[in-house]
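All chains should be modelled from the sequences, with the hints used to inform the complete structure.
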Amino acid sequence: MNDIGKLVKALSFIEEFVETTTTLATERNVQSLLSKVLASARNFTNCEAGRVYVLDVTKTKLQLRISQWEGGEPQNDWYRIRDFGQMGSSAANDPLMFCGMTSSVVLIDDVYRYTGFDLEYIYQHDQVNGTRTQSLILVPLRDHDKQTIGVLELVNAKDAYNRRYVSFKSLEPIICAFAAQAAVCINNALLIETNSHLIELLNDTNQRLEKENRFLKARNSRNPDYNIIGQSEAMQRVFRLMEKAMDTAVSILLTGETGTGKEVFARAIHENSVRKHKPFVTQNCAALPEQLLESELFGYKKGAFTGATSEKKGLFELANGGSIFLDEIGDM
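In terms of our numbering, the sequence shown opens at residue 7 and continues consecutively.
Because the hints were derived from the structure by calculation, they are not lab data.
Some hints here could point you the wrong way.
Once the Cα atoms are required to be at most 30 Å apart in a straight line, the calculated DSSO-like pairs of lysine-lysine come out as [claimed, not checked]: (1) K284 x K217; (2) K268 x K223; (3) K284 x K307; (4) K42 x K65; (5) K307 x K319; (6) K308 x K284; (7) K42 x K217; (8) K319 x K223; (9) K308 x K318; (10) K217 x K282; (11) K250 x K308; (12) K319 x K284; (13) K164 x K175; (14) K175 x K223; (15) K250 x K284; (16) K152 x K65; (17) K67 x K152.
In structure tokens, the structure reads:
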């Protein structure tokens, strides 16, 4: 290829590079962006496979977020999550962790002849998935503050004719330049994702607080004497108990002699509760014959028994959403 041909090829590559990075900058979905980043990196380097790892919010774990291989993603991809804290000093002997911790490029031309880092995870991956890792490069993804946010891993670069594997060495400047642009896009998308999540949490919290505020305002607007005369300490204790009970969904047992006003207190609890706009139903249980107790409380369907010529709603159904006061319940 003459000099003009080389120049045309270089200009074409630069144009493609700029177009790709511009497209990435407009993507806001993190997972979609990572997929495009990895596909673009593989396209620029003509490599068989790749992975993108992203640091979690604690900056202590590298998580595999996307993996691409020719012929489809392997079913068993190792290294889903790598924990700096758990690995301790052995992390420095792990190429992926070394790249993430030191922001250094790791380049290996022949994986099965290499004697530096511990590459056992690659050997296991190849054995399980029937793949063959020849060469790889690990490049740190660093944001505009030069803080590492993840790692780009590319595997098995091939020549232009796809005839043989080649070293990533000559491609390293291109990969690093692309990784620098991609990292900024990824960091922006991660920030947007985090902010969106925080906004959702804030909206949920605001709705809950507004609901609690409405409840408290309604509670504070109640008549404090409940239309019941009584200023003694004993009555004040009763009022405090009523205050605690009125907005619960539990059954309340009112005890006292006949004529002491149990129904008055029951009605006061109902009329000062969130159920005040629903029915308040009363029933003197002592006046109900045992044979009619079930049908009065729960109702019956037409034809359920002899004489049931129409459907009858029970007291519990009539009081639905409100309160039911069963007087003299001890006589049931």
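Hints, verified against the model:
1. Of the pairs offered as hints, the one joining K284 and K217 holds, with about 20 Å between alpha carbons and a cut-off of 30 Å not exceeded.
2. Proposed proximity of K268 and K223 is supported: the alpha carbons are some 27 Å apart, at most 30 Å.
3. The suggested pairing of K284 with K307 holds, with an alpha-carbon distance near 24 Å, which does not exceed 30 Å.
4. Distance hint between K42 and K65 is fulfilled; the C-alpha atoms sit about 24 Å from each other, no more than 30 Å.
5. Between K307 and K319 the alpha-carbon distance is near 8 Å, which keeps this suggested pair within the 30 Å criterion.
6. Between K308 and K284, the direct Cα distance comes to roughly 26 Å. Compliance with the 30 Å bound is thereby established for this hinted pair.
7. Distance hint between K42 and K217 is unfulfilled; the C-alpha atoms sit about 43 Å from each other, more than 30 Å.
8. For the hint linking K319 to K223, the alpha-carbon distance of about 35 Å lies beyond 30 Å, and the restraint is violated.
9. Among the hinted pairs, K308 with K318 is consistent with the structure: their alpha-carbon atoms are about 8 Å apart, no more than 30 Å.
10. At roughly 17 Å between alpha-carbon atoms, K217 and K282 fall within 30 Å of each other, so this suggested pair holds.
11. Of the pairs offered as hints, the one joining K250 and K308 is violated, with about 41 Å between alpha carbons and a cut-off of 30 Å exceeded.
12. Between K319 and K284 the CA atoms are separated by roughly 16 Å; this keeps the pair inside 30 Å, and the hint holds.
13. About 12 Å separates the Cα atoms of K164 and K175, which keeps this hinted pair within 30 Å; it holds.
14. Distance hint between K175 and K223 is unfulfilled; the C-alpha atoms sit about 70 Å from each other, more than 30 Å.
15. Our distance criterion of 30 Å between C-alpha atoms is met by K250 and K284, whose separation comes to about 20 Å.
16. Among the hinted pairs, K152 with K65 is consistent with the structure: their alpha-carbon atoms are about 14 Å apart, no more than 30 Å.
17. Distance hint between K67 and K152 is fulfilled; the C-alpha atoms sit about 18 Å from each other, no more than 30 Å.
In summary, the structure is inconsistent with hints 7, 8, 11, 14 from the numbered list given earlier, while agreeing with the others.
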